[in-house]
Amino acid sequence: MSESAGIVLATGLTKGFGAGLTRVEVIQELDLEVATGEMVAVVGPSGVGKSTLLHLIGLLDRPERGRIALDGVQTDDLEPDARAELRNRDIGFVFQHHHLLEELDALDNVALPVRIAGEKGRVARDRAAELLDAVGLSDRASHFPDQLSGGEQQRVSVARALAMRPKLLLADEPTGNLDSANAERLFQLVTELHLKAGLTSIIVTHNEEMARRCDRIFRLARRADLSENVRTI
Amino acid sequence: MSLSAELHVASRYLVGTRRWTPVVTVTLISLFGLGLGVFALVVTLALLDGFQSGIRSQIVAHASHAEIWPVTGRRIEDPEKLASLLQGALGNVEIVQMVRGTCLVSSDTDAVPASVVGRSDTDRVTVDRILSRRLGVASGDRVEVISARQRLTPMGPLPVRIRTEIARISTPEPGAESGEVVLPIERAQRLLWGERVIEAIELREMSDPWTLGQRARKVLDEAGVAVRVAGLEELHRPLLTALALEKIMIFVAVGLMLVVAALNLLCNVAMVAAEKRKDLAVMAGLGFSPSSLRRLFLVLGLSIGLVGSVAGAIFGSGLALVLDRTGALELPQGVFMVTAVPFSVDPMTVGLVVAVALGLAALAAWLPARMVARREPSEGLRYE
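In the order they appear, the protein sequences are chains B and L.
Mapping of the first sequence onto my numbering: position 174 corresponds to residue 611, and the numbering continues sequentially without gaps.
Mapping of the second sequence onto my numbering: position 295 corresponds to residue 502, and the numbering continues sequentially without gaps.
Don't take every hint at face value.
[Claimed, not checked] DSS-like cross-link-like pairs, simulated, lysine-lysine; straight-line CA separation at most 30 Å: (1) Lys485(L) with Lys557(B); (2) Lys633(B) with Lys604(B); (3) Lys557(B) with Lys604(B); (4) Lys425(L) with Lys288(L); (5) Lys288(L) with Lys604(B); (6) Lys633(B) with Lys557(B).
In short, the hints are calculated from the structure, not lab data.
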């Protein structure tokens, strides 16, 4: 697929939860295209399906209807193991809560995706050390998550997301749990790495100011599909 | 994908934790449970093997290791030629010629039917403990052995009989129920046949008694001698089958402890799966495939199984060996064949116990592993 077709091409996405009277349609007939190198903010009120959209694009969940192509690869019919390989190789995740594994120190947390790819421990740890250096945490490599501040935990999480040099970075409210100073520092870091690594980034955020600093804003609204850059409730 | 990521995470879950969590507690309980099950099974089977090897030793010490009979009729043709053939082919083998029959044995107080065995390797009369008790006789007493064979006398046909002094009271063979009197072969031939007849040939060889029957059969088959040959296994089949059955039953009964321990392990692994639900979703996000997650949980279960069962096997075998060497568990004298409870640690049996424990541990880990692998990664993240 050509670059102009977009690294992310989602068409007719529909996803709901529950059944019968408790059924909630979270996303309905949603189309989305993100070009290579774009930094896109996804904003909208809580419960509108921002995280669900990110999970669908990140192959953490399957849509009930619709198709998702990542860098030209149709993902809908892929077997679970192939989806996992694609997540490992091409997608980096940053979650709102850092979601670092508490049994692993910062270095091992960052090295984990590289180990999953089958690299030897030393190669993985060398790569992790480089990334911790890039996020300014080389002196905290042997610290465990509970020995790091919230901002540091999230920076480790960003380093982990970039461990496999992915094409696509998906961040789900990465600054949601940080104070404004730490949030700003993290956002700057993500922006810097986005440019430096030539990433395509989709960032879910409630922070309007940060959203405006992205290339585009997708505003998700209740009972609305997503076809233009901005939608209001 | 190599196993290194799964092993890395599993090792951190098991030994890398830095605080006391319910998972640690339940893991230790699972370890202890499985170890205890293996320990109990190893000690019990070592005890059983101890007693059973005592019985086998008694059989080897007192019974024939192979016997040869004619295919038809009761007498072996040309027993001397057959003996020299076996001696030449098998080397240092004890060969005893025998006749057998049933006679009435009487003392001053009673008369009971008993087996009479004539042997070429004895020149004195031995009565086993069963018969001596029934007749109320001891060494030095005299008994009369009355055959069913008759001879014609001036008073008409009378049973052939001999009166003899008991030289020794012997221990009966394990499992023997009827009494036995052993005579020098010439006297037994006179009593049972009235001529020099050999009914059976007994072979003994202490270096490898359990295969003597097979080897003798091969020699005789190759020489074209048509006789029936029975080895130790065939001669004592009912007893040996009972011993094997006993071991299997004990293995199954005590092995149920392992099943209970495995169920406990299943709960433990399921608890880890529940407590680490979010971690697992994150790991899936980082690229762990469903099969990797399944392998991670199998590694967890098998690690607990391996440590628990190996520890149980080491402690169980160690205790059994110490108890056997020291004879710490004494038995009342005269009641049993041994003075202390015997233990025998068979590496094959211990290996089998460990293998069964590992198999159960793998099965116990498989169910939660399957459950984890079937989840979509987003399920663990959705309700954070």
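Now for the hints, and whether the structure bears them out:
1. Lys485(L) with Lys557(B): holds, 26 Å
2. Lys633(B) with Lys604(B): Roughly 12 Å separates the two Cα atoms, so the pair holds.
3. Lys557(B) with Lys604(B): holds, 22 Å
4. Lys425(L) with Lys288(L): holds, 16 Å
5. Lys288(L) with Lys604(B): The given pair, whose Cα atoms are some 92 Å apart, is violated under the 30 Å limit.
6. Lys633(B) with Lys557(B): Holds: Lys633(B) and Lys557(B) sit about 26 Å apart, inside 30 Å.
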